[in-house]
Amino acid sequence: MRIKKIELIGFKSFKDRTVIHFDAGITGIVGPNGCGKSNIVDALMWVMGDQSAKDLRASQMTDVIFGGAEGYAPLGMCEVSLTLENDGGPFPAKYIKHSEIMVTRRLHRNGEGEYFINKEPARLKDLQEIFMDTGAGSKGFSIIAQGMIGKIITAKPEDRRMLIEEAAGITKFKARKKESQRKLVATDQNLVRLQDIIGELKRQIDSLQRQAQRAERYRNIKNQIEDLDLWLSTAQYVELKRAADEAQAIFNEAQSMEVEGETNLSTLQGQLEVLKLQILEKEKAVEEQQTEYFTKQSTVQKKEMEIQELRFEIEQARRNEQMTGTILQEQEARKELLSRDKAALDEQVAELKEESETLSAAFTEKNEIFQNFNSRIGTVDEDLTTKRRELFAVGQTESSLDARVNSLSSQIADLTDRQDNEQQVLNELREKQIEFENRRKKVITELDKERQMQLDLASDVDSFEANKKILQDSVAAKKAEVDSFKDSLNEVASRLYGLENLQNNFEGFQEGVKQVMLWQKTRTQEMMADGSVVSHFQPVSEVVEVPAEYEVAMEAALGSRLQMLLSSDSNIAVDAVSHLKENKSGRSSFMAADGQGLSFNRAEAPMGQEGVQAILKDVVQAADKFKNTVSYMLDGVAIVDSIRTALNLRPSYEGWTFVTLDGDTLTADGVLTGGSSESADSGMLKRRREIKELSEKKDEFAGKLQLAQMALKKTEEQLANVLNDFEGAQKRKIDQEIKVAELRKDTERAENEVQNALAAVERQEREVKKLTEQLEAQEQKLEELNEALIEARERKVLLETEVETLNSEMNSVRLGFDGLQAEVTDLQVKSASKTQEYTGVLRQLEMVTKSLTDLEAQLTRMSEEAEGYNSQMTDTQVTLEEKKIEFERLLDEVETLKLQAARAKDEYEVMSESIRAIEEEATSSQRARNERQHKMNDSQLKLEQAKMKEQYLIDQVRERYMLNLPDVVEKYVNREGDFLEADAQLKDLREKLAKIGEVNLSAIEEYEETAQRYEFLTKQHADLTEAKDQLRKVIERINKICSKRFKETFELVNDRFTRVFPVLFGGGEAWLELVEETEKNEAGIEIIARPPGKKTQNVSLMSGGEKALTAVALVFSIFLVKPSPWCLLDEVDAPLDDANVFRFNDLVREMAKRSQIIVVTHNKHTMEVAGKLYGVTMQERGVSTMVSVSIQDIK
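In the numbering used here, the protein residues as written are 202 to 1396.
None of these hints come from the bench; they were simulated from the model.
Worth double-checking, as some hints may not be accurate.
As the list claims (entries may be wrong) - For each label pair, taking beta carbons as the anchor points, the in silico distance ranges come out as:
1. S576 x D1093: 56 to 62 Å
2. K206 x D870: 58 to 64 Å
3. R443 x E943: 19 to 25 Å
4. R404 x E943: 43 to 49 Å
5. E1001 x Q975: 36 to 42 Å
Using N, Cα and C, we set each Cβ at its ideal position, and we do this for glycine too.
I would like the entire structure built from these sequences, with the hints used as guidance.
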């Protein structure tokens, strides 16, 4: 396996993608200081999984991302890919079939990292395993970064051990051992916890078993109660459902009929309104026809009067004509006789004058009487016509009023019946309202009472809950305290267990001491039948009591003598030595326990001197039997504050050993030992002190845990009592809440009933009020019509009397009128005749006297007058005929109007009859509607009651069993049985359930879970115990393998080192020594070197070049033993002079035969040995670029 190429993107100063190819042999990387050469080495270490930012010369891991430069912004991520080629040599077994593998590491600015192998995501562990035990990892010996060559020399012995371990190939074993040890510690802790948990579970199982049996009985009874209750509830539900369906059917039927009835009633009311409108129009038409009839009749009467006047004029004209003709004849006669009768005229004048005066007086008297009669007849006739017209109108009004009175009387009777019915319904509704209000008051009173009880119970529950919360918080706090004490106890016990195991297994002791102690333990146990322990050997570390601040000083002063075994029997000590020899188990030192025959240093102790803190034997305590021996071992040892104080005191106190609290030691022989205080940390003494302290802490925590558990138990008992009280109060509260909820529903139902009743009463009152108002209006209207009818009838009677009186008067007046008229006419004619005769005689006498000519003129004039009378009579006759024709026409029209009025009146009567029939039908329909409304209200009330009961039943089932009753009806609906017997059985089961008392229903599951958990944990305990034994075996096996391989590799490396060192230095000698590390129970590696011409000295005193050559010799020695696939040397030759550089280059060429060499250097001689050179430059500030040159091509 060798490096084929490395690709950098954004890593430190390599902003752009940079690919560096590495060939076999030696590749050099050169360039000025600060150009980024070492960044390539850092990239190799980083991509191999190095997790230390310090090793990469950074403060934090994100510092390896390109941080920007002049003109360039920082990048958000960096990536390095390393391609490894399979060249036929050692290669990871997992990828042995691949010709090459590519390892990639990527880091983002937010700190998120990614790993890839062959571009597939991988873990850091997978990536590190590729380089493990090859020496080529980030921590391997094959990468010597800048400054690391000197650290190899100055490192601690145990740190140098890692180089040999890497070469020995035991890194993987060490990693597995650490992992096994971590698992072992975790297993011990888990076992302690498991033991506590298993013990606690065992106690819980017995209690839970009893609770589970009780809960099972409770559950069985509860299931039986639930089954019976659901069956009975199902029966009630089905019955309520049937009642609701029946009420719904009745309501639907009534509602459908209501729609039809409402339609019919609306139709009838519409028809009634139309007919009322028509009858009003018909009534108006009848009145109009009667008015027209009366008008026509008046016109007829006027025409009749006109005809009578015309007839009178014609009669008068006829009489005037006749009279004029007679006078003319007489005048003609008188003309003939004038001359003869002139003489006789004188005789006739006196006679005619007397007769004329008599007739004129009689005519005047009779004419006056006639004119009075004629005027009276006209007046009576006019009054009679008026009264007849009035009588006709009054008759019509009487008929109309009589019909309207009859109609109103019928309507009033219907309204009265409706009012009585509605009033009766109103009274019933008021009674219902009062009943509902009383029921509501009763329910509200009961609800208030139950609410008060509910508040009291809620107060109790709150009080119990507050106590419960306080106790729960107290229990939680005490549990937390118990858990804290348990955790502390477990932690102390686990730590104590681990330390005791280490102590019992004598970990930290030398192999020989450990074997002797184990041999003693086995031998003693075999000998003592009662199992008691008798110890013949005890290490010094086990018999002394040292204050903690002096433990380091004690260990530094005694060193390996702490492991010296104090024996009470020298023979047994000899047996122990024989045992070690026989088993080849190492070596051990023994000393008599009683200390007899020992000589003490009697020199004056440096007490009171400046810097002296204590005499060691004075601060160390031991048992009486070991006191002399311990005092002897510590004799002549003083504790000082610093090593300089020890150097100052040594000349004055010869034979004294001085030790500081940090473990620096100045022996009586003048040997000064010192260094980091960490490497001088206490071991066995500290462990023994910790065991004692942990034992005391364990007892303390055990006592506190017991007290806390007792307090917890007492608090839990109080909490259990409070919980029982709380559950009882809560149950009573829930029962009370259910009762209050039921009462609240009853209240709501009662309120709904009251509101419905109130609405019904108000609706009925409005209906009654409406009917009352209609009835009052109709009665008032009827009263007005009756008054009008009575008035009309009185008026009719009066008019009939007046008409009869006028008819009688007219008849009586007309009885003598014709004779009086003839008599007046006769007297008028006679008077006129006599007057004419007298006048004529006088005129004749005058004419006779005056002249006959006047008679001729008179005769002419009289002829003309006769002709005028004839013409007047003719015109009047024509007018009379026309008036007669018009009069006949008017009579026909009057008769027609009379018939039309009669017919209209008949139609009016028919329509009135139709209205009465429709009103009766509408009243009947309204009555049926009211009955349907009543039926609908009853059915709706029943339906709502059934639904409320049904919902209440569903709510009860849901509250009790969390079930929806309609969903379980099918399961129980077909079950047969006696409900009374089931109800009695249900009560009996509930009594049994009440007798059981409070039950923890979760106890069954808890018992099963606890039992399963107990079984599981018991099995886990056995598995953990077995795993613990296996882990110990694995660790022992790893220890053996590692120890064996380490020793073999150490010997090989030491052999190579002894030969390489003289080659590099041109002489001298050097070797490696193992130094026991008591704390880690592992030997470190010390380098002993003597350059040519110098004495053997500590490597820390060498020069820089000598240190570098020594380190190179060690590294190359390791390479010769375990060649690594590649070696990276970063300015390793920097401290070497030219002569040493040549030797260094010779070794590099030798190593290049086995491994791929990458050298970062400034030395031109080292550059010459490279087959290929890469130059690193910074053409731009802060950005590195690469330039490659092949030396072989140049040569």
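Quick check: which numbered hints come out false for this structure?
-> 1
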